[in-house]
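Between the sequences and the hints, there should be enough to build the whole structure, so can you do that?
Protein sequences, first through last, are from chains A, U and E. Heads up, the first sequence stops at 304 in this note's numbering, and the numbers go up one at a time, no gaps. Heads up, the second sequence stops at 330 in this note's numbering, and the numbers go up one at a time, no gaps. Heads up, the third sequence stops at 335 in this note's numbering, and the numbers go up one at a time, no gaps.
Everything labelled a hint here was simulated from the structure, so no lab data went into it. For clarity, every value in this text was computed on a predicted model and none was experimentally measured. Incorrect hints may have been included.
[As the list claims (entries may be wrong)] With a cut-off of at most 30 Å between alpha-carbon atoms, the simulated DSS-like pairs for lysine-lysine come out as follows:
hint	chain 1	residue 1	chain 2	residue 2
1	U	K205	U	K68
2	A	K198	E	K201
3	E	K201	E	K13
4	E	K42	E	K13
5	U	K9	U	K127
6	E	K44	E	K27
7	U	K9	U	K200
8	U	K84	U	K289
9	A	K198	E	K44
10	A	K198	E	K314
11	A	K198	E	K13
12	E	K39	A	K198
13	U	K68	U	K9
14	A	K198	E	K27
15	E	K201	E	K44
16	E	K13	E	K44
17	E	K27	U	K299
18	E	K39	E	K314
19	U	K205	U	K9
20	U	K127	U	K84
21	U	K289	U	K299
[To be verified] Covered stretches of chain U, going by a simulated chain E footprint (3 or more residues, C-beta under 8 Å):
hint	segment
22	60-74
23	156-162
24	216-225
25	270-276
We put the beta carbon where it would ideally sit given N, CA and C, even for glycine.
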Amino acid sequence: MSAADNSQSQDAPPTFEAAYEIPDIEHPLREAARMFARNKAAVGGLILLVGILILTLLVPFFYTVDPFDLVWAPLSPPGTENALFGTDYLGRDILAGIVHGGSATLAVGASAALLAVVIGLSVGSLAGYYGGWVDEVLMRITEFFQVLPTLLFAMVIVALFKPSVATVAFAIGVVSWTAVARLARSEFLRIRSLDYIKAARSISSSNRRIIWFVILPNAMPPLVVQATLAVGGAILFEAGLSFLGLADPNVMSWGFMIGSSRDYLMDAWWTVTIPGIFIFLTVLAVSLIGDGLNDATNPKLRER
Amino acid sequence: MVEPLLEIKDLRVEFDTRDGVATVIDGLDISLYPGEILGIVGESGCGKSMTALSVMRLVPVPPGRIAKGTIRLQGEDLLQASEKRMREVRGNAISMIFQEPMTSLNPVFSVGDQIAETILLHEGVGKRVAWQRAVEMLDAVGIPAPEIRAREYPHQMSGGMRQRVMIAMALACQPRVLIADEPTTALDVTVQAQIFDLLKDLQEKTGAVIMLITHDMGAIAEMAQRVVVMYAGRKVEDGPVDEILTNPKHPYTAGLIGCVPHLSVNPTEERLPLTDIPGVVPPLTRLGKGCPFAPRCVKALDKCGWEMPPQSVVGEDHRASCWLIENDEI
Amino acid sequence: MTEDILLSVENLKVHFAMKRRGLTGPKSFVHAVDGVNLKITKGKTFGIVGESGSGKTTTALAVMRLVPITSGTITLGDFRLDQLQGEELRRARRHMQIIFQDPYSSLNPRVRAGAIVREPMDLMDVGETSEREDRVAELFRQVGLRPEQQALFPHQFSGGQRQRIGVARALASQPDLVVCDEPVSALDVAIQAQIINLLRKLQDDLGLTYLFISHDLGVVQYICDEIAVMYLGKVVEQGDRISLFTEPLHPYTWALLSAVPSADPALRDQKNRIRLQGDPPNPIDPPPGCRFASRCPFSQDLCTRETPPLRPIKDGHLVACHLVSDDGVPPQHAD
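Have a look at this one:
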């Protein structure tokens, strides 16, 4: 019906049905996808991220040099035969480190962000939905974690347990959920007061149903954006911890590469700079995607 | 014949949208004469507010543009005026009050400062004089204890008080034209009645011309002498209020009057169904060549869908655009 | 007589606690609804009219058990709504449904129209599962939508159509009472008439009982059989639609009638128009006496000291004003 309306020629008189009918509007998700596709920076970020994922997840099967093997003379500059990106102070292949160390970096980033989102969402949604003393208590706890010197706290956690990918991810997740919690709380507060929540209650929906199936889907867009930003933050955090020597020494990661070579920055810039560039590119890609998602899902920024 | 103070001729405003060009105002002629209150009435999306923004030259460009026409204020074409000249005109010769007084006032300045600011900007008087004038204006719009109230901030005031402040600000520089865009929609009826009384009172005192934009035929009846009925960016009928209320010629005007249950002092047991206008205002990107109201008009002829009806004079100072009049069917 | 009463509200109070000022400040209360009595007859429309802060919407939400009740009883048929909790309350909900003011915020934007209308039946177990699909299609037709439109999302409808979806959702559980909270005030004038006509037709067809909340006296006069005028949490006057509008007794009712801008010259040129000064005061810790006293042009000493009771003047016409005489003469201006 509506398709026929659209194809109506300009000269024909509009019909009664045409006046009754609202023109077809896109599904929100499709509209968001279209807005995202129009954002060049965001699409660039997406392509970059896909490239990095291929590099860290697929290339290791083809480039099988062990990143811990001593393959060449120490501190060989990039372009050396057999070591495209050069070697570090022990003679380890930096390209192998990039290829094999990326997955650990990304895994820490993604799982730390996931943990931050899970904690933040639980705290924020309960505080925002129930309000009152629940809100008071949960927000005081959130503020406690906010004012905590995060790096120090994460260092303590890692130092207490054995440094491993899991503990590093846990430490980062535990210190970075507060932003998600605040955002989730404000979204829940806003949506809770809308009439469709009253409507849901008046048709006997339980609190659980309202929180998970009514409010959460509507609160998702800004939370997804916040999650992508959290991934970027977590990768940087991991690099920082590794730089301070608080990473698992048996697992290669980009942060670990920077941390272990930090003393040679002046003599062999590539040992630190190359993994640094990859961290930079990854965080940039994730942030660009996050920004793009934000713009795409924010109707206020939509130009008609 | 009295010269009009403000004259809009053959105005056409277009907006670029995803679905193509929307003609939000087309071929609009409106004249405002000294000393009158003119009502503009229609559903949302009929171009009432866009008319006001065009007069203020505040149509957002892009995506909008004024494609054609003239808007003359005492002979001067505002559409040709420089941006600098327009800044002088706005708030001085022509000023405007809006629907939501809270968002139109700056929350971080006291209301007295905001009114004084307008006066400083346009009149080149000293700060002390401007403040004094601001207090006088607050007094004039019926705010009790104006010296004290002038130091208050917008959030400390009620909706009715804020709208009074907006009116004081709009009238501070003695404008010749005051555009009131749905000034009471956000207010309670008893407060609305106060604001209407105030506007009428000030209009008599200052002699400013008021263009009252509303969707409420009752408000038009109460306030205005003449009314312009707009639909989908076109004027469909205009004339004296009493004449139009008792003898509407355009089916849309008749629909607007008949679709609202009118309060009566002696209601009857029997209640006839309200005349409803079926459907909604069509998207302005997809208007055909004919009368824009034709798709919703119960009396529409074949011709209505194909050809735009001309404007016919149907009474003294009363015009309507409808084929039924041309065909002598009304 | 009494078996005809569907909803009866007795001495309903809804007070909200305000945040304390500072740590030790006194706790103040908003007396949103302060002792309201209503009796609504089956198959009729009962209107509550008032300005913002009058407590009309809070009364509606209290009846729907969507705000906590401070005290009072609410009886809907056999249910003591004020006492029900948990599972019992959820079972009772299918007998009362609500239509909201804003057709944009009252529908979940992520759910398709058909699912919105079906949800009440699934959640409250109304009818056989197998019949629900047909029932949704029938409801769509009943409210003037096409069943094919079930697959669309709310934002693909116009405001008037969205309000129709809201009406269909309210009717899905075959309720006895439908609370209409300003159902047309957010709509364009031409669309208002469509929805009002629809509500009246549905009432005729289905024998619905409406509790109709509005600030628009014209709409209330048109659609309601009996009307209560509220001011700051209290009913100041109540009567059937003929007697309330032909012989308004309370000065506030009178002021409301005079404030409505009207196309009717008879109404516009009335001699005794009352113009109120100022805005309605806010309902935080209201003073004793008549709540309207501060704005009433006839106010006397007695009015600020004693709260006037709502007393019957004649059959079914009640007023809460010291100055109305027992045989129904409203206060007059001295001149």
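Hints versus structure:
This hinted pair does not check out: K205(U) and K68(U) have alpha carbons roughly 35 Å apart, beyond 30 Å. Of the supplied pair hints, the one linking K198(A) and K201(E) holds, its CA atoms being roughly 26 Å apart against a limit of 30 Å. Distance hint between K201(E) and K13(E) is unfulfilled; the C-alpha atoms sit about 33 Å from each other, more than 30 Å. Restraint check for K42(E) and K13(E): satisfied, since their Cα atoms lie roughly 24 Å apart, inside the 30 Å limit.
Annotation: proposed proximity of K9(U) to K127(U) is violated, straight-line Cα distance about 40 Å (limit 30 Å). Annotation: proposed proximity of K44(E) to K27(E) is violated, straight-line Cα distance about 41 Å (limit 30 Å). Between K9(U) and K200(U) the alpha-carbon distance is near 27 Å, which keeps this suggested pair within the 30 Å criterion. Note on K84(U) and K289(U): the hinted pairing is violated, with a Cα-Cα distance of about 38 Å set against a maximum of 30 Å.
The suggested pairing of K198(A) with K44(E) holds, with an alpha-carbon distance near 25 Å, which does not exceed 30 Å. A hinted pair counts as satisfied when its Cα atoms are at most 30 Å apart, and K198(A) with K314(E) does not qualify at roughly 39 Å. Proposed proximity of K198(A) and K13(E) is supported: the alpha carbons are some 20 Å apart, at most 30 Å. Between K39(E) and K198(A) the CA atoms are separated by roughly 24 Å; this keeps the pair inside 30 Å, and the hint holds.
About 9 Å separates the Cα atoms of K68(U) and K9(U), which keeps this hinted pair within 30 Å; it holds. Restraint check for K198(A) and K27(E): satisfied, since their Cα atoms lie roughly 27 Å apart, inside the 30 Å limit. Proximity of K201(E) to K44(E) is assessed by CA-CA distance (about 13 Å); at most 30 Å being required, the pair is judged to hold. Among the hinted pairs, K13(E) with K44(E) is consistent with the structure: their alpha-carbon atoms are about 24 Å apart, no more than 30 Å.
Taking the CA atoms of K27(E) and K299(U), the gap is about 63 Å. The hint is violated against a cut of 30 Å. With a CA separation close to 17 Å, the supplied pair K39(E) and K314(E) stays within the 30 Å bound. Pair hint K205(U) plus K9(U) holds up; C-alpha atoms about 29 Å apart against a cutoff of 30 Å. For the suggested pair K127(U) and K84(U), the alpha carbons sit about 23 Å apart, so the restraint of at most 30 Å is met.
Straight-line distance between C-alpha atoms of K289(U) and K299(U) comes to about 18 Å, which keeps the hinted pair within the 30 Å bound. By the rule of at least three residues with a Cβ nearer than 8 Å to a Cβ of chain E, the coverage given for the segment 60-74 of chain U is violated, with 0 such residues. Counting residues of the segment 156-162 of chain U whose CB lies closer than 8 Å to any CB of chain E gives 4, so the stated coverage by that chain holds, three being the minimum. Coverage of the segment 216-225 of chain U by chain E holds. Counting CB-CB distances below 8 Å, 8 residues qualify, and the rule asks for three or more.
Counting residues of the segment 270-276 of chain U whose beta carbon lies closer than 8 Å to any beta carbon of chain E gives 5, which meets the minimum of three for the stated coverage.
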